[in-house]
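Q: These are the residues of each chain, in order.
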Amino acid sequence: MKLDLAIEELHRSENHLVTVLTSMSDKHKSDHEVFYVCRDMAKWSRQHVAELARVGRDFGLRLESEASGEPAVLETMKQRASELTGRRSVPGLLLLADLRHLYREAAGTSVDWELLAQGAQGAKEQELLDVAERCHPETLRIARWANSHLKVTSPQVLAS
Amino acid sequence: MVKVDRIAGPWGTRTPYGPGETWPSRVDSYLADGLTEEDIDRWVQSATILHSNGDALDIAVKDERIVGVRGREVDRVNHGRLGPKDLFGWQANNSPDRLTKPLIRRNGKLVETDWDTAMNAVVGRAKDLLEEQGPSAISFYTTGQLFLEEYYTLGLIAHGGIGTSHVDGNTRLCTATAAAALKETFACDGQPGSYTDIDHADVIALYGHNMAETQTVLWTRVLDRLAGPNPPKVICVDPRETPVARAATVHLAPRPGTNVMLMNALIHEIIANGWIDRHYIEAHTVGFAELEKQMKGYTPEVAAEVCDVPAEQIREAARIIGTAERLLSTVLQGFYQAHQASAAAVSVNNINVIRGMLGKPGCGILQMNGQPTAENTREAGADGDLPAFRNWSNDEHVKDLARVWNIDPMQIPHYSPPTHIMQQLRYIEEGSIRFMYVTATNPAVSLPELRRIRELLAQERLFLVVQDIFLTETAQLADVVLPAATWGEKTGTFTNVDRTVHLSEKAVEPPGEARSDLDILIDFAQRMGLEDKDGQPLVKWTDPEGAFEGWKECSRGRPCDYSGMSYDKLRGGSGIQWPCNEEHPDGTERIYVDGKFWAQPDYCESYGRDMITGAPVEKTEYKALNPTGKAVLKAAEYIGPHELPSQDYPFQLMTGRTLYHFHTRTKTGRAPQLNAAAPEVWVEMSASDASDRGFAEGDLLEVSTPRGRVRARLRISGIRPGAIFLPFHYGYWDAEDGSQPKKKHDGRAANELTLTDWDPVSKQPIFKTAAAAVQRISKAEGQVSAAPTTTASAPVSGADVPATTGGDAAQSEELIITGGRP
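The listed protein sequences derive, respectively, from chains G and A. In terms of full-length UniProt numbering, the first sequence is residues 1 to 160. In terms of full-length UniProt numbering, the second sequence is residues 1 to 822.
No lab work stands behind these hints: they were computed from the structure. Among the hints, erroneous ones may be present.
Said to hold, decoys possible - Quick list of in silico lysine-lysine cross-link-like pairs, DSS-like style, CA-CA up to 25 Å:
hint	chain 1	residue 1	chain 2	residue 2
1	G	K29	G	K43
2	A	K623	G	K151
3	A	K293	G	K43
4	G	K151	A	K399
5	G	K151	A	K619
6	G	K124	A	K293
7	A	K62	A	K3
8	A	K623	A	K293
9	A	K3	G	K43
10	A	K3	A	K360
Claimed, not checked - Residues of chain G clear of chain A, computed beta-carbon distances all greater than 10 Å:
hint	residue
11	M1
12	D31
13	A50
14	L63
15	E64
16	S65
17	E66
18	P91
19	G92
20	A97
21	R104
22	G108
23	L115
24	L129
25	S148
26	P155
These numbers come from a predicted model, not from an experiment. We put the beta carbon where it would ideally sit given N, CA and C, even for glycine.
Chain A with its partners taken away, still in its complex shape (with noise of 0.2 Å):
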């Protein structure tokens, strides 16, 4: 066992290992308190919460307490391996300043409440405005965040109770496209990819997706094969040099918006030199014909003018992707979040499906999520799709949604595509949604444009439910806030990326009187008087586990299949990967197989959309397109961002994460060692950017847009030129200001900057082009910025910037199990 300082060394320490080995076990532990493992009363499992890599994890509990954490050797996803924001973050739980009791808004302030006048106040404005105006007036805006069970009683709640199609998570924000794009090319959300897919790749092409950050433990993984012996090629495609692009065989640094250009050379490339598997595409796929079309004008030279990348590193990089035996793909926010989001992501599927690189060991695509149960909130139906991937313009399927309801087919708004948040937005701020009922998200500094969406929220004529664990910036803007339990206080399900669902129980009480986000549903439901067709309550279950069957009933014999699987099944062992069922009662590592996928027309969960328009495919159309459901392969042309540089503002924004934090810092925030490792805001700028403008590191520049202004001290990074980059983490809840900036002159949140702009295709929000302008507040005077230098924002080489370290506080341990796993 040694101790080693996991802020100083997010990825710990190397157990290097080959092709198709085993990855070998490390089992990383923090104990608060100098406490060792023989002071702890009890292990209690579950898996981490603070990323979407799904590591699993025993929480130490000692006098009725969480005390600390450790990796489960046992599971397949981390083999014992903690991420830093695991080993730290769940001190958030034990915040003094946690919500433990309702607040309700009196004489324009909140005040403490009673759980009844909370509840009341909710449902009794939810009645009136159903019988006032019907289901449009009612909104419900969840998270990537909550259990499984909680969003599929969230969906059956807004969906067969209410009837509204005005439900969304913040997964728009950050998985909508992953979902998107695999219901292109494959008809269906489900990931293609296995994790293990990484023991057996030769190459790994990371798509806008810095690994390294978002998923550190995955990242462990790469780094212990690039460690070992023949270790993969790694392509890396980022505007910014992040620690994936120092890794990289080849690093592709092209402009912002023009990743579909970049893609369209590649695949022109591959195309070209014949480096796909014409037996594969001719058995399993459809398009192949318009595909080969409508790249040919896309050449490297063609690419490397838009991209501001050499044609000869497009050609490499397209040869090395080329030539790859086993080719694992990944992808993340510098595609999900950009511009063309969905064309961009959907030409990673194509790369594979022309390749024929699926189904097997080491060929796989992981469209990545960024939060812990975002996959979850997509299969269960709390982004607003029905549950378990059925197709909302199946008529078939609603009637057999209908029926695992009790309910009737009309109840169930499918009539058009559901209501993504900025829309919903919209809607509320013309007026038509009067009621939104906000559960474990952050929207006043999450979403693009804070300005306009703090006036929209602080409406008098809407009236806002915000259901939490702090009083966050949005919650302060709430009519009613309900204080829910998080993570370790109370038990339900979850699933990752490469689809293994592992359960968390509850470890420790609620603080005060926050209860768990299924009881509250389940009071709201009852209170609301929701039932089904026979005069029974409509949520037919009490408890997490009751919750959990019902949705195995509801998933039956679709993609995401549950039946096989039980609490008792996922105690103890590793965590299981869907589909299980009868047929694969161990659940099923990897999916389309021999080309077989869930494409048919009358099984599949979507028809597809338009790649410019994102108009939606229309049934019949499908049907003579792909009648016997291949994979599908979808052209996009390339076409230009919607904002542009220009004389006032010369620079494009992107705004980001950093490895210490999670989303709006509620709780790393409230993790010392994390918030330490970064303070507070920076902005990236190029060294000759920078040079430029003779600015220096430490400078306190201001950045503007048409849409605000934000503060922050300047980090010379390996970015490209004429991009800026802020992370998007940092809003006001431990500011002076409380919720929102007081002076112009006081943002500090990345989207005060950011443009109301999104995918048509997926409806993500547009968080990586935005002009903007630059100027210098004053010299930094010895100080420098807060950011990290271990990531993707270390200084240039040569810069006097003081390394990022945890100290005594950050020594977490580690026991590196010899020999592997059996």
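Chain G with its partners taken away, still in its complex shape (with noise of 0.2 Å):
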């Protein structure tokens, strides 16, 4: 049985795409949509890192229930930075970056929702199962909303 393992490293993409995300809402603060919705999506991320610490531990694990977030200092940091090049268009490409990464951390973390849930279905283990149902769209979602997001942005940055 190797669920643990599966558990363990769902716990590791679902905490670093909480990472992704707060620190993506924080590089664009002058993008009050990136802002706000990366923020959102982020509670999502926090909730399944939760929930995979609760339901790990039916499987021996002893995983954080919070996610690991960056120090305040450096949020703050990056927020104002974001107000000061608010005027300028090179912004406009991180974004692109940020959101290609983003895109790519998400379908990853979904693949892996995936492969949990085949293997809860495999194992006969019905809370497992549940709570992959339950966060795995969740997940897709944010990778949706990445990749809708590269197609709003990149007409603009790429062609003028």
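Join these two chains into a complex; the hints should help.
A: This is the structure we're talking about:
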């Protein structure tokens, strides 16, 4: 049985996703929709981290139930930097790079959820399957948002 | 014929009627200078322009000047009635400070110039930028107050000619969520309800909709039902004690920012008690199982905690809504301009859908508009969408539009959603939009976080064109100002909330060299040399009727089908509801009859969006979800507002309107009766919050947020504790300052305080949840605040505040027609 490994890996990925989302939010504070939507989506991943920590106990894991965030001072610095460069056009390219990164991270995590759900079904672990079915769609929505926002943003960045 | 003071009594005299009866007629009129009907040279057909209700009226002309108005008794919308803004607002047309010549910026100052110079400057800059950067440098920001013909022409120029996706209207601030909510549930814009639903409903639920102030004549219809036999029950959701709340059977006053929580609890109760139409759900909807599952946790107790509304009240409201036999639901800014706007508005749709309350008399949804022609902004594509509810992510629709316009489909930007105004501003901020053409709107007062807006619009690197009738705060920042004609000075059509189309004819000449917006736009297109693929002019018409004929072809076969209408048909009688075509030559009162929707994947306007992230749903996904085009039930989780009260900013600030003013008061502030009724900004606070701080009526307060400060006199009103309210109408054009506060403490525009945040689905900015602090600058010392006493800003009982009246100047005529219409 290697479900514990899958849970641990996913816990790591979702934790990382929280960092990616909050860091992206801070870096793009001048892009208001990115700032707020990333924060709202980070709440999902935080929830996933907590759920995985809870269900992980049944598999002998002791995982942190709170996502590890960045130090507050770093957040403030990133936000301030975003405000200071808000009048320049370079952040557009950075935003594309960050969206691309987020998309890959969220898509990868989404695949991990799929693996976990398959494993849970194989091992007839109903509770674990429930967790996967609850959380997976939200991770997928993060990937979809990143993808759609790339489509929205790229024409203006690349064609001007 | 009686005379009544319509400032003191905004809704006029009651004409009670019962369910299923015809609303009695009452013809309201106001003529200036003691004139009587015998003095009038001619009456010219039109409809009301200072709100969204679309009340039909005739304009009185004497000696080639507008001298008054009279409601049209034959019209289905108002049966002769008019509201205070309609009776008095027309006087602004005759203001001496109308713009009469084009202005151009020379050495930092706006100076008068001729049309050739002004237009050549505009066109020259646009052409340079197209060459240098391409269409991504050019943006258009329009309004909800032009005519259909003008929007359609503007959309054609922007999308088909320039090829930019940066097109939006100020409808983004007003009805973007109405459109978004309809697109989510029915996959297409278009109002399911009809105003006559008020005649039949046994329950009317108003969600964040202060109808008494925003659509006075529609509220008059409700008041007349309430005064008649077997009146409907009224449910009101509003944090303020509005006139609607005072008339309500149940008034829910949730904490700002918690609408979705409240709606989820209502839906939870309705489903849990089985007050649903299972047959209808089975036959005509998708998504019910998921909705039911997601609503499970939202009990009234959970919502009571979050919304600060008693659980019993939620249950009572759910019971009334759930057991209604004919349920009319209406929604406006309390939901649209709030946190999770689209999700909350969609929840209202969900209630009518799961109860099967659609497409029958009394069973309707009115996702309201705020502006007279907002519906046209949406349907003609001036809000960035493609015209006639074509789907920008359906290649066949784009091809079809290219056929109508005789251009290459590649020319029409459809690779991503249209750029809404808040995103346009972001592009202006970072310098990639360098030309903005503003028509008939005043973003320097109406958009959130004004200091930022002013800074962006004043940038040297932005070429700002403003086309307006007055030198607004925004026009003062422009590089070129184009003087426009307004309502009464040009011809065109417009469409109200319940799809009723009215013709508005030219009554008088515009002042000086002012020209109609349509003429200016066509001139712009010609000077730009915009052509179709055969080298012919892109814009193929030269007058309003020609534009209307063009639009008829564009709309043929689409949901908003105008192909069966003509100017002649719209003359003389009542307005006509679209769709109007060969099959329905007299228009269509109710859509979505028998669960037939416009949601088929190949036909629908939109595949929808994620309710939390706003990400568009892909075509394949939508096809799998809804292959046969049923109504879509979408659930949304509640998420907390983004800016919460704190120790430093303990209040939740909401902004909104008052009955007597429209937008930034450019017209209503120039109508003496309206201006006197609400002459200056005020701030509302609950009695308990005021007494905690020792504040009294009339005290001068300073409201502040991290973004700015506003000073206003206090009105202690029936607003819920913890919330404060500022009207958003007041700017600087009639202050000493001109275009902006000279000193930091001179702020009086509510949007100095609001935050830059919007609903990710509809992109509508949030005006109802900003954390704010309040301090007293000085005591009242006999002064009272200028807030009207007739409306939601009424003082709490026992306060010594003089009543709002209009005196002799506001005496208007009322003629009640007994016996009703045939």
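Q: Could you check the structure against the hints above and give me the numbers of any it violates, in ascending order?
A: Per hint list: 9, 10, 12, 18, 19, 25, 26 violated.
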